[in-house]
Structure formats: structure tokens, C-alpha cells
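Now for the letters of each chain:
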Amino acid sequence: MTPDVRFELLWPEFLVAGLAFLVFTLDFFVRPARKEVLAWVSAAGLAVIIAFTVPFLLNEHDSLFDGLYRVDSYALFFKVLSMGIGIAVILGSLHFVDRRLTHPGEYYAIIIVSVLAMMMMAASGELLTAYLSLELLSFCLYILSGFALQDRRSNEASVKYVLLGAFSSGLLLYGIVLLYGALGTTHFAGMAAALEGTGGVDGRLLVGLALVVAGLGFKLAAVPFHMWAPDVYQGAPMPITAYIAVGSKAAAFALALRLFYEALAPAYDEWQLLIAGMAALTMIFGNVVAIVQTNVKRMLAYSSVGQVGFLLMGIAALSPLASNALMVHLVGYSVTNFAVFFAITAFYNATGKDDIPDFAGLAGRAPFLAAAITVGLFSLAGLPFLAGFVTKFYLFSAAAAEGLLWLAGVAMVASLISLYYYLQLIRQMYIERAPEDEGGSVTVATPGVLAAVIGAMALGTVLLGVYPEPVLATIREATAALLDTGSAWPTLGSAGQ
Amino acid sequence: MMELAWLIPSLPAIAFAFMVTLGKRLPNWSAIAATGSIAVSFALFFFVFADWLGAKSFPHPENYTFVYSIDWLRAGDAILTWGMWIDPISLTMLGLVTAAALGIQVYSWSYMAHEPRFTWFFAVHSLFAASMLALVMADNLLLLYIAWELVGICSYLLIGFFYDRRSAAEAAKKAFITTRVGDVGLLIGILLLFVETGTFELSTIFAALAAGDLSEGIVTGAAVLMLLGAIGKSAQFPFHVWLPDAMEGPTPVSALVHSATMVVAGVYLVARIFPFFEASDTASLVLLSLGAVTAMGAAAMALVMTDIKRVLAYSTLTDLAFMMLALGAGSVTAGMFHLLLHGFAKATLFLGAGSVSHGSDKTDIRDMGGLRRVMPWTALAFGIGALSLGGLPPFGGFFSKDEVTLAVFLIEEPYRWIFLTVALTVGFMKALYMGRLFFSVFLGRLKPENEHAHEAGPAMLAPMLVFTTLGAVGGLLAFNWTDGYQGFGYFVFAGDHQEAFHPNWWIAAASAALAVAGFGITWLAYVTGSLRTDSIIAKVRPVHTLVANKFYVDEVYQWGIDQVMLRAGNAVAWVDRAFVNDIGVNGPGIVTEKSGTKLRLLQSGKIYNYALGMVLGFLAVAVAWWWAL
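Chains as they are written, first to last, in the working numbering: chain C, 1 to 497; chain Y, 1 to 629.
Bound-form chain Y, shown alone (with noise of 0.2 Å):
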């Protein structure tokens, strides 16, 4: 079976195809050929998961990958190949992308049932989930950046999906622009690895990088400006002001993009060169503390924010900066492990907080309050995702949070206890911002306004409710259960026993208090009411307003674009229009016309002339020979 996986990315890029060419005919079709592709994908992984664990030999770490690969074209000594790379790192993103497209598509069906362009939506959803599922399973770093780029664009068209509102089509702009920001890093790095090895593929570079081809300052180069690709995807700083805006789309997209698509592929992108930072220390450092800041930065912004989507979108920045963190501690175990249970707790709280503004039409949560009484379930949802993400045992994200702890405890010196203190505080955050979240929307008193708002129906509670246990239970997976099965890690290194679940009770004690004072405290904040809000903000006044205005980060970038981009684009364009177009291009074009209008007069339509144009042709032919020799 795992020979057939390319049909996993393919079955959806079909449905696409089908959606945008036949879905105006058979507009009832669309839905079900998309959501029917997904599934099937969706059921292909785990025939292909099933494949790998019979054909990988445990415990042989150097055992666990298998790649196939065509190819695909040929010049000259290059040769492009095209194909798949399966180990546990694809196999996890396979079947988080495949369940969360699924589910979120489910969902879909009755979340987006009135809108006009239902068919379209479903197509760019598909062909998004196709474009991941294929960057995932790349074997080289062209077809990766293909995919990396459509994943870019579907992005583009679904954050911008109401484009006739003009901040959906400005937010969808401003996503696909900084991302290429940093895109361009990515094309240098992998140009750079392609001048230096001649190939794409990644079996190739691993190779040559652990035969130490390839100079230290090659790879930390190579390694900092993939990175610049990974950071502008996964919305890291200085490119982390898009994600908060690409809450415009609809949230169902809201809840792809932050659970399982797009944002993740920065952080998969970095676990998948992984061999790169493990060689370069500098490239570590920087991940890390690019993480750092991130984390602390968007940590802080979502405590003030006071739009639901809003403080959602703050705590992805958060938790991929936990990501990095890890990986930049160097535990790909750790990074995937909460890239895996985040990605279950975020498409709970997206498909939870479209389920509120769905019933209620609110988006501000200072409107709410007491909405557990109306919607029971979605409470219960989006309470678990909460704590979950929120870092309380014993649901999943207490685990993965614990193993990201860990993994920075383990950090050499002289940089492991800044780090930690980072990993510790952000984890308090993580767990102040959760809580004043789900109780100040959920629990309390419930306002005469919202009376009237509904529970969703059976369609949106289901896939809501299928993340929410997913994530719940998902801690599991750290622990030693078998010898066959000795905690994430041990799955993730195929075996390597070095990566088995090794807790450290300090570390996950410490962690757990924090996160029962921070849920306690906004307890106190949030619901009892005994702890005002107001007078610690006022004693903070300048930081408050400081974070509540994003740290300006977006007043200096528009500064940077209005005063000192524009400004040398409008020169540019002054160079372009004068020389470059009136003389450049339309001299050699009306002389190119000109021409042509002359010489067409040779075809005079006469034999004869035709006939004479031949001789005189070989009598050419001749004398240039003659002339030649």
C-alpha cells in the first residue's frame, strides 16, 4: 500500500479539478466529491500506516523511511525526480491534515450551507488539504516548495474568500505577501543546497550533510534561510502579523489553517531538515530564540485581546513558538508530539468559536458569558480544548506542554534556564489566556441579548466532538505502554530508545501548579468576580496599551511600506516608465511590427516569385558555403 500513498494528496487534487471544471453543472456534487476524496484519503492512511508498521523493522532507527520516487525529468546530469517519503513524521502530518480536512469539511457542510459560492469554497478546501498532504509526503525540496507555494495561494484565496468585504481582501493579501516574504529565504536555501549537491532530493543532502560535504557556514546558511520560509508560514516573528488577520476568512478555513494546514508547515518544514539545526548550533540558536520571543510576544497579546477568533489566533502564535522551541531545543519528539495535540485542540476551539458566533452572531467576548445554558456541548468542547491547550492534566496538551518543557530543560548551557523560564511563564500564559477565554464566554451570567442564541446542529457538534476527545485522550500517546510501543518519541526515531518516555516529575509538577494558578486566578477573575480586572490593567496602563496595540509591530511595517518602500517603488516606476517602456520595449516592439509589415510583402502570391525566391535561397546557401570554407 505504501507505494499507492501519492494517492492520498492525488484523490482531493482530482476533487478539485472536478469541482472547478463540472461544479456549476452538478453543483449538488461538489461537497460529496470533496468530502468523499478526503475520506477516502482519510482511510488510505491508515492502510498505509498499516503497511508501514508491518514493513519498517523496529528497532532499527536508520530503517524507518521509505522513499519512492520516479523520475520525473531529465537534462542533460540533472535529473529530477518526483516522489514520496514516508516515516513517522509524514505518517503523523498524513493523518492529522486527512482527519482535520475531514472533519472540518463535515462541518462545513451546514456552516457554510447559504453561502453562493459554496461549490468554490469546497474546491480551494480541497485542493488545499491536497496541497499539504503533498508537501508532507515530498521526497525533495522542489516538490516540496510546489506544494509549499499552493498551500501559499489556497491560503490566499480562502482567507479571502468574502473578497467583496474589503479587510477580508486586504487580510488575504497581507497573508500571502508576508509569507512570500520569507518564501524567498526558502528558494535561496534550497537553491543553495542544489548548488551545493547538485540534487533536490533530500535522501541525497542528508546524505551529503552526514558525510560532511558540506561546509559549516553552507549549512548554517542553508538551515537560517529555509527557516525564513518556515517562520513566514508558521506566522513566527517578525512575520507573525498576518495570522491574526486571516481570522477574515470563514472559520471553518480559520480552523484548518491553524490546526492542521498551513501554519504547521513551517514547523513540519523544520523537523523535516532537522539534520540541518542538529549540525548548526547558530541555526538552533536563532529557531530558539525567534521562539522566544514569539512566544512570549503573542502569549501577552492574546491576554488583552477581546475578540474570540482573535485570542485563538494569538495562542497558535504561542503554541507554534512552543514548537520551535522545542525543535530549536532539539527534540523533533517534542515539537511533533504538540504539533499533533495542538492540532486537535485548535480545530475543537476554531469549530467551537464558529459554533458560538454561528448561534449567538457575536464575535466580542465581553458580549458573552453564561452561553454554556444554550449551548451545552459546544461549552463542554471548547471547555476541554481550553484546558487542554491551556496546559491542565490530564488532558493531551498538559503532556505535549510537558514534553516541550523538558525538551528546553534539556538545552545545554549557558542558555537552559532562560529558555526554561520562557517555557515555564509562557506556559502560565498559556493557561491565564485560556481560562479567561472559555469563562468569560462560557460560564458566568448569560446576558439578555444572547437569550436567544441556538445550539448547532448534529453536523458541526459531531466533527467538534471527535477533535475534542481526540484531544482530550491524546496525552496517551507519551506514555511506555509495550515494548513495541515506548511513548512518542519512541515512534517518532523508529525504535530509538533514547527518545522513549523519560518524564521529569520536577519539571511536570512544576508545570501543572502553574497552570491550576492560572486557570485559578482567572477563576477568581472571570467568574467568582473577586479579583478586578480593571485595577491590575490600570496600574499597567503603558505595557496594557502597548500589547493591546500589538507592540506596533504593524504601525512600523505600514510605516516601512507607505514611507520607504513605496516611496523607491514610485522612483523604480519613473526609471521603468521612461527608459525601460518607451525606449526598451516599444522601440524593439514597433520596430518587430514594422517589419513584419514589410516583409510580408514578399508573399506576393505568384509562382514564380516563389520559385525564384528558392534559387536565389540556394544560391545563398552556396555562396555563404563558398564564402565559409
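Okay, chain C solo, but in the shape it has when bound (with noise of 0.2 Å):
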């Protein structure tokens, strides 16, 4: 180890570590009809610390710890980006906390822990960094899924979700091990340069990335690794199933996108194809099974699959353009979900309904509400002026400039085909008519915070769609942090495109 390490780059973590303890120990402090106050100070709290970082990290760029963590404008990417997820989730939570669950304090407190995990996997140098944080992240989100301890299906949900996850871990891990034997390291750029020297991959290197990729599926909910993921959204509480759906599924990405950009761009030519043989098998499975739900949360589930499909694209092409339209992609699928979810969750807050139909009539009922379910379920299925259509561009366009054309084709029938189910739930919201009894025809209030939430979140659909230039400036310099410390790479475009 140099000896001259620079503790100070890793402030932004300390600083969230320790807004998670303040939260714990102010739990002691505040009175049960006051806990309000925990969110709004765990909020606050992250806002500031990303004010700090952003001014403090912009333009440092340094590996510590041999490695092991990285200091990088694409972690501070993502370090922002998982903060914003993280105050979302907090203030999207703020009424049904309040509503529907006990332990508010430890709730909020571990989000942030969760949220410190994303920075770290986001940070990580090396596989074992990257397997702790995941697990951390896990947890946390393990935790959370069964929050609503009187809610039967609340629970199911945690339980599956922690042992189908310890099942992954064990995958992970025993991969982790056999690419530690083939290779000899587990730190990316050494992995790069073992790989290089290699020449070839043998049934043990095989198998050992096998089992990562099947660890990682399961994290991402990709095809076939995504089974627990429509049981755990349906029955994790509401703004648990947004913040697993998008926080997760980011913290994922970032560290798969520096796996394989980094450590096994190498041996791009062997996993290029099953990579993007996943990604069509997952929008394609997530979208068509999305198609006959009945639940709202499972729709959502069944979509997010779909939509981690297209998501996969962007490493299955493995080039600058890619890795910038993954990470917008992300931006704006983080934005659109938020607006969806918390809109379903307002509706729910007050009804404590979420099947398909009880959504006919909204657009009477909530005109607000309805709106911005349109607005992001049209951002979902890639309209054009929405995030979405324009983040689509990109990974679909990156894709068929590294000749994946076909792949680009399955992914415009995918989202043909998710316009199909959005348009059902539009169609509900719109076109049918509230029904008579049971209160239908009662206006569904939504308290002023949330509102504030779901409408920045559908405006940021909206201004993502409209003008992303100023979000891919940063992202172009993410890609560029990233491709930096790629070591060994195939002949590829100038970087930075």
C-alpha cells in the first residue's frame, strides 16, 4: 500500500456514513408524532453533502488503496446520482411512512446506508470492494422490502428477496473465486492485462464468468436471473419497489459497466454476443409477460425487466457512445420511474389500491396524477420530447453503430409492444369511467410534498426529452474517466463521441 493515501477524497462517504448515525441516534430524540423531522433531515442532509462533492471532486482523479477504490468523475456520476435517488426516495416516502409503517427513524437511516453502498459500488476498483458494497446494498434493500411488518405480503417479499439473494451471492462469489484462480487478481486493470495475456479463455475462466454474470443478472433482473423481482415489487412498499426498480438497478449498472468496460474488455469478442443475446431475451420476456398483469406493481415489475433489456444493450456494445447512452438512459429511466411510482404511490396513499382498473376515471378523479403517470409511461415506451425517446436514441443508436442492428430492431419491437400496456393504464385512466360506487367518484388529494416530488420528477422527464445536452456534457465526462482507466482495449471509436 503507498503510503500517502488520500483519506481526504473519501469525505463524501464519511459525511454520508454519518448523516446515516446522526438519523439513528436522533430516532432516540424526536417524538413519534414528530418523526417527520428524520426526512426532512435526511434529506437536507444529502443535499448538502452532493453540494459539497460536486465543487469538491470535480476534477480529482485518483485511485486508492492500490486500486481498490477510485476516485473518478464517472464515481462522482454516480455518487450525485445515487444522492439525488436517495433524497427522491426519501421525500417521495415522507406520507407513506407516515401512513403505513412503524420505525420511521431506522427506514430513513438505512436508505442513506443503501445509498453509501450505490457510492461505493459505483467507486470500486476491484471485485471483492465491489461484492462488499453490493452485499451492503443488499441488505439495506432486504431490510427495507419487509418494512411493512403487518403486511403479509411485505414480508413474503423479504424473505424471498433474501433468500434468492443469498443464493446469488453465493454464485457471485464462488465466481469471484474462480476468476481469482484463473487470473490471479481480482483488481480490474490487472484483470484486463491477465486476460490479454491469456490468449484464450479455458473452462475454469469460463465457468468463473458464467457464475458472475448469472450474480449480477440477478442483481440487474435480467433474464433468466428475474424472478424474484415481480413477487419482491409487488409486495416491498411503495416507494421500497421505486427505490429498488431504479437505485438498484443504477448501483448495478455502474459497477457492471466498469466489469466489463474495464476488466473484461479483453475478451470483449467472447461476451459481446451472450451479453446482447440477455438483453433481447429480457426486453423481449419482461415486456410480453408486462402484457397480461392485472396489478399495477407487477406491470411496473415486469417493465423495469423490459427495461433493463435495453439497458444491457449499452454493454453489449461496448463503445464511448454506449457507455454515455447507458448512463443517460439511467438518468432519465431513474426521472421517469420516480414520476410513475410515486404518482401510483399517491394514489395508493389514498385508496390503498393498485390494480389496473382502480385506475379508471383518474384523469376526473386527479387530473395531476394521471398526467404525470402519462407523462412517464410515455417516457417509458420512448416518445419523442420525453426522456425516454431520447435515451432510447442513444442505446439504440450505439448499438447499431457496433453492428448490432438486430438488436436495436428487438428492442424497437420491445418497446412497441410496452407502448401496449402503458396504453392500457392511460386508457383506464382516460377513457373509462370511475366506477359508481366505493368512493370512486371521490377526488384523490395529494399532499403538497409529493406533489412537489412527482411533478420535478415529471418535469425532468419532460426537460431531459426536450434538452439533454447539459446532463450528457457530464456524462461525456463520466464515459471519459471511465475509458481512462480502461487498460486494454479493442480497436474503438476516438473516445469521448
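Calculated from the structure, these hints are not laboratory results.
All C-beta atoms in this analysis are idealised placements derived from N, C-alpha and C, irrespective of residue type, glycine included.
Heads up, some of the hints might be wrong.
[What the hints assert, rightly or not] With the Cβ distance kept under 8 Å, some of the chain Y side facing chain C (calculated, not the full set):
1) Ile70
2) Gly596
3) Ile607
4) Ala611
5) Leu616
6) Val621
7) Trp625
8) Trp626
9) Trp627
10) Ala628
[What the hints assert, rightly or not] Some chain Y residues well away from chain C (every beta-carbon gap over 10 Å; in silico):
11) Ala169
12) Leu476
13) Ala510
14) Ala548
Relying on the hints, combine the two individually framed chains into one complex.
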């Protein structure tokens, strides 16, 4: 270990950890009726840390503990994204927690810890570090998905998630072991160098890689490792569903992008088709099964499985353009999904229902929520002037540019299928009439904070669709940093395009 | 301030967003938001203009265009920008559009006061102005095209404002579809240039044109294709049919459509891409011919129409054709100058016509006469507007008409005399129909049933009189005043002395004489009654019938739609139903849904099944990999 590790570069991580402890501690002193304060402290704390982190790490480019932990603009991008996601989830949970959950202090603190885990995943430069941060995130999510103690579905979701998660961790860990055996290192840079040296892929390496793909596939909910997702999505408390769909996915892709773009890039020819096939399978399967769902959370669960397929294209295409596309799609996917999920949360808060027919006539009862959901769904389907269009355009063209024209074609078909079931929900909201009985004509009130979060996310969806350039400029720098650390590259186009 | 010019279109757009979202809850704020935002835009225009005057470096013609743009979207090598282009032409348009929109909105406060959908009117009116402002400032063809289509949509919504009236709905549809036909040409032209140059940016495209990177065929092709869009919007032959029907909208809408937005967008487009016409003689000749045909035909129709707004509509067609003639003759100066002065005069005339029908509930000029007794201010405004557009000195319209005629006079042989004859003849006819309109509405004897007619209120009169004044004295802009301002062309070309004030007294005298003659003849016919129009009409009965039926162009189009398009459409629809829909679309749809139903069964809810799935998945990955190696 180099003697002069610049520990000060870890300040953001220390601060987030400190914030988590602060919230845990404050929980003892805040009266039950005033637990809202904790949410505000958490959100404000994260906001302050973002404001501190951005200028602090802006031009830093360093590698701590001999390459174990990276500090670069790629990690910075995901750190800010993670904290932003954390803020959105905390504020979006406010009323849900108030009404349906107990122990709010722990709830918020655990979210903050998971944000820390996400930040670390993006910064990992080595497999075991990545694994540990991944587990930290997973543990938090296990707890959070079972947080509705009185709800049997929530309990079921948590148990399933833990058991299958443990199973997948086993696969991942075993894969890491085999890779270490084959390559002699777990450092990304070292792995790339060793891969170039071996010349070919032997059985041990192959099984190791397949296990790592399976383990990561679980975290990403890629077909065929997706089966936990619908059950957990449906059972988990609504804001946590949003969090799993968005945050855990963003972090897993942050990790996967580094792993594939840096450590495994030399073996590109071996895995490209495999990942592309997985992407195609995932987007087709997720979107086809989503068609027949009747519960809105399950529908969104399958839809987000389908979205993973689109995101995997960004890995399969392996180019600066694809990396840009993947990251901008993650941003767009985050704001869009939050808009939809929180609007549905607001509806659920008021009515306690979440089946698709329950949304009948929502446009009349809650025009704002209906509009937000519609904007979000249209964006997910990739209609123009919304985030989804721009980001999918980038993804598809990146795939096409790398010769994966067929994959782009499959993706277009999958988008088309997705539009069908999104329109089903929109049809319920705008065309069907609200049921006469059981308070179907009651207007759905949305509390101010939640409305503000939904509005901000919907606005973000539109803004990103109309003027993506500022976000893209940041992302190009992140990609430049990602490629800068990549040691061995197959011949690719010029960086940072 | 110039870098803040983007606020000029943005403010009315924000007002639009405000009105469509919160307009129902805050109905009293909608007109205030609309007019307030356009007023601020109007004020901003002066700041931008002043800034431009300070920043430009006369007399260096190269240095008078300011472009501000941001990267909007980058995908690989293609960089799409989004920006503003500020030069004398766009400044002229900015001033005209903001002024016209502001005046017309103030007028609409009382004109539209009793409409139930008052908020919607102001909302779309604001968006209309915003789109037009964005259009005239666009620094690239893509943005221009987007704004162009927005203008089209707004005109559709406003012409069809009384959508429960069948004729209004039909007129709106006609306007939209007719202009869309031209827009397809515009889009193809834009894409052609994009393919050739790899950019939508005007500056880059002009640079490529100047450097000779574009072949002659491409230049002519792009110019003619984009001209299609322009003549669609500007209602030139053969796309002129929509404009007279567009009268179905509320009168303030007609005023805006005819004076500053929509129809002048086409003229503006030609002026904007003028280097293409400069480079292609063929395209210029097409432009000249279309202008000449439209001018003659429209002026003839304006002579026989009896609805006050229809006469004005055909006069707009004539004047737009006049602008096209000027541009075809190679004079951006004359085209823009006529655009500006026509805008003021036409706003006056339409607001006056609105006041007339508001006060008397009549629209047919044969039912009017002597209205100056009951509405003196409207008569004054309308009279000055009519004399100006009729081309009588010293009103503004004379000077702009003169510039156009002079530009046509300077065309090179062999077409010079043909087009000069057209220009002078049309100038004469302008005086004839304007004289007929004004004299038969306001002079002569007041009919007893019109005695109850009343003058409009101050909110309607004030904007009208402002436009009247501008139209009356606007001709002064043509003169050589100081070294810093040597005529409108000197301004448009930023100090280019070749474009400075250069009258030709022969032309001026001839066109003034023709205008006097035109007004004189109509005076005799409609005021003193010593010239009988019936006997003249009887002598040329077949021609009169032909013109009164608008040359049967509408009928020809209707026949084409009924007999050709609908039949072809039915045939295609049958193929679509039988093959595309039942087999091509429903087939995969059924397969997709069925497979979804089957595949969901995989989701058993049992943990060991899921774990097994993961193992099988891993094995599949490993085997596939092994097999691939």
C-alpha cells in the first residue's frame, strides 16, 4: 500500500455514513408524532453533501488503496445520482411512512446507508470491494422490502429476496473465486492485463465468468435471473419498490459498466453476443409478460425487467457512445420511474388500491396524478419530447453503430409492445369511467411534498427529453474517466464522442 | 440584451402554458397573462434592437448578423443546435409580430369579451405569436420547421375557434391540410440540405452555398422544395384556396393571420433562404411566375367579392404575391418593406372590418354604405388603410408598392416587360378593389336598417388607430434621411449603399397615376353613381362568372379529392384491412398476448422454482458460451 493514501477524498462517503448515524441517533430523541423531522434531516443532509461533493471532487482523478477504490468523474457522476435518488425516495416516502409504516427513523437511516453502498459500488476498482458494497446495498434492501411488518406480502417479499439474494451472492462469490484462480488478481486493471495474456478462455475462466454474469444478472433482474423481481416489487412498500427499481439498478449498472468496460474488455469478442442475447431475451420476456398483468406494481416490475434489457444493450455495444447512452438512459429511467411510481404511491396512499382497473377515471379524480403517470409511461415507451425517446435513441444508435443492428430491431419491437400495456393503464385513466360505488367519484388528494416530488420528476422527464445536452456533457466526462482507467481496449472509435 | 432575445418568444409560450393549465382556475388572469407577456416581449424587442444597433458595425455588410446558439443534442457526429439568428430581417419581423400581436390582443379584450372560451382564445393566440417569433429567430432549419408547424397548428385551432359551426371546422381543416401539402416539400428540402451539408444550421449551409459545395441541381431543387412550403403558408397559387375560407375564424384572428403571422411566414422563409434564389435563376423564375399568376388572379377575385372580409382576404393574396414578385426579382428590401407596410395596413383594415361587423352585424358590402356617419373613427382608419394599400401617395403602401415595381423593373431581359406589366396592372387593380371596398362601405347613403350601427369602444379603436398611423407614415422609412439611415434597403443590408434609396421617378409617376385613376373610377362608380357597373359586368358576363366562382379552382380540387383521392384511399383501405390489419397487425398481437399468458405461468411464486431457474440460467449461459467458443 502506498503510504500516502489521500483519505480526504473519501469525505463524501464519511459524511453520508455520518448522516446515517445522526439519523439513527436523532430517532431516540424525536417524539413519535414528529418523526417527519427525520425525513427532512435526511433529505437536507444528502442535499448538502451533494453541494459539497460536486465542487470537492470535480477534477479529482485518483485511485486509493492500490486501485481498490476509484475517485474519478465516473464515480462522481454515480455518487451524485445515488444521492439524488436517495433524496427523491426519502421525500417521496414521507406520507407513505407516516400512514403505513412503523419505525420511520430506521427506515430513513437505512436508506442513507444504502445510498452509501451505491456510491461505493460505482467507485469499486476491484471485485471483492464491489462484492462487499453490493452486499451492503442488498442487506439494506432486504430490510426495507420487509418494512411493512403487518403486511404479509411484504414479509413474503423480504424472505424471498433474502433467500434468493443469498443464493445469487453465493454464485457471484464462487465466480469471483474462479476468476481469481484463473487470472491471479481481482483488480479490474490486473484482470484486463491477465486476460490479454491468456490468449483464450479456458473452462475455469468460463465458469467463473458465467457465475459472475448470473450473480450480477440477479441484481439487475435480467432474464433468466429476474424471477424474484415481480414478487418483491409487488410485496415491498411502494416507495421501496421504486427504490429497488431505480436505485439498485443504477448502482448495479455502475458496477457492471466498470467490470465489463475495464476488466473484461479484452475478452469482448467472447461475451458480446452473450450479453446481447441476454438483453434481447430480457426485453422481450419482460415486455411480453407485462401485457397480461392486472396489478400495476407487477406490471411495472415486468416493465422494469424489460428496461434492463434496453440497458444491457449499452454493455453489449461496448463503445464510448454506448457508455454515454447507458448512463443517460439510467438518468432518464430514474426520473421517469420515480414520476410514475410516486404518482401511483399517492394514489395508493389515498385509496389503498393498486390494481389496474382501480385507476379507471383517474383523469377526472386526480388530473395531476393522471398527467404525471401518462408523461412517465409515454417516456418509458420512448415517445418523442420525453426523456425516454432521447435516451433510447442514443442506446439504439449506439448498438446499431457497433453492428448490433438486430438487437436494435428487437429493442424497437419490445418498445412497441411496451406501448401497448402502458396505453392500457392510460386508457383506464382517461377513457374509462370511474366506478360509481365505493367512493370512485372522490377526488384523490395529493399532499404537497409528494406532489412537488412527482412534479419535479415529471418536469425532469420533459426537460431531459427536450434539452438533454447539459446532462450529456457531464456524462461524456464520466465516460472519459471510465475509459481512461481502462487499460486494454479493442479498437474502438475515439473516446468521448 | 441580444443574448436574451430568446425571451421574446418564450414569454408568450409561458403565458400559453399558464393559461392551459391554470386558466380555468384563474380566468381573470388569462388575458392579463397573454397581453402582459406579449407587451414585455414588445418592450424587449426595443432593447434587442438598440443592442443590435450598438453592436453591429455599419457599413460592413458581413458583420450584421448575430447568431447565438447552444448545443441541443449531440449524437455521434451530428450536432443539433438550438439558437437565434438576429439580423435586420428577423428584427423587422420581431417588431412587426410583437406589435401586431399586442395591438390585436388589446382589441380582442372587448371584441371577444362575451365568448365563453375567452381563455382558450388568448392561450392559442399567445402560442401563435410565440411560434411565429420563434420561427423568425430560428438559426437553423430544424427549429424553423418545428416553429413553422406550430404556427400551422395554432392557425388550425384559431380558424376553427367556432368549431361547432360546420363551415368553421371545414375551413380550419382546409387551411391545415392545404398548407401541410406544401410543408412536405419544405421538409424534403430541409432534409435534402441536411443530407448534402450534414447540418441544419443556416450559417453553415450558406457558407457551403457560397463556397460552391452544392451542385446547381441541389440548389435549385432545395430552393423550389422549400418554396413549396412558403407558397403553402403564404397561400400562393395553387395553394391559395385556404386563405379566403380562413375568414371563419374570429376577426382578430384574421387580422393576426393576415398581417404578421402565418401568411407572411412564407415570405419570410423566402427572404431568409434568399441566397438560394440568388444562386438559382430557375428558382427565381418559378417564384416570379407564381407571384405573377397569384397577383393577377387574386386581384381579379378581390374585384368581384362582396363579403368585406373576403375582399380583404383576396387583397392579402395579391399583396403576398407582390412580395413574392419582389423577392423573385431579387430584392429582399422591397419584399420586406412591403411585408412591413402591408402588415400595418392589413391589421388596420381587418380591425376596421371587425369593428364594422361588430357594430352593424353585417358582412356583405352590398348591405352597407354611408357607415361613416355612425362610425367616423372606424371610417377614418379604414379609409387611410385602404388608400395606403391601394397605393395612393403619400400613404405608406404607395412607397412599398413603388419599391416592388422598381425591383421588377430592374429584372433582366427577356422577362422584364412581362412582369413589369403585371406589376403595374395589379397596382391599378389594387386601387380599384380598395376604392370599391371603402367607398361602398363607408361613403354614399346610409341605409335605414344600418342606423342603429354604433362605433366601437376605445379598446378597439385605439389599436386600430395606432396601426393606421404606422401604416400612413411608414412610407417615410423609404427615404434617405441621414448618413446612418439611407433608406430601408440600407438598413436591411446593413449599410450596403447599393441598396440605399434610389427612386425612379418614371415608375413612381406611373404607379401613382394608375392608383389615382383606380380610385377615381371607383369614386365615379360607387359614390357619384355616374359610372354604371352593371353594364360593364353585363359585357364581360362569362369572365365575371369565372372570376366570381374563383376560377373553379376549389371545384377542381374537390373533384380531385372525391374522384381520385377517395377512390384510391378506399382501395388502399381495403388492402390495409384485409392484409395489414387482420394478418399483419392482429396476428402478432394475438401471438404476443398468448405468449404472455403462457410465460406468466413460469412465475409460480415458489422460491425453489426461482432458485432452480437461476441455476438453469447459469447453466444455459455457460453452455451457450462453451458452444460459442
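Right, here's what the structure says about each hint:
no.	hint	in the structure
1	Ile70	holds, 7 Å
2	Gly596	holds, 4 Å
3	Ile607	holds, 6 Å
4	Ala611	holds, 5 Å
5	Leu616	holds, 7 Å
6	Val621	holds, 5 Å
7	Trp625	holds, 6 Å
8	Trp626	holds, 6 Å
9	Trp627	violated, 11 Å
10	Ala628	holds, 7 Å
11	Ala169	holds, 23 Å
12	Leu476	holds, 43 Å
13	Ala510	holds, 54 Å
14	Ala548	holds, 47 Å
The structure fails to meet hint 9 from the earlier list, while all remaining hints are met.
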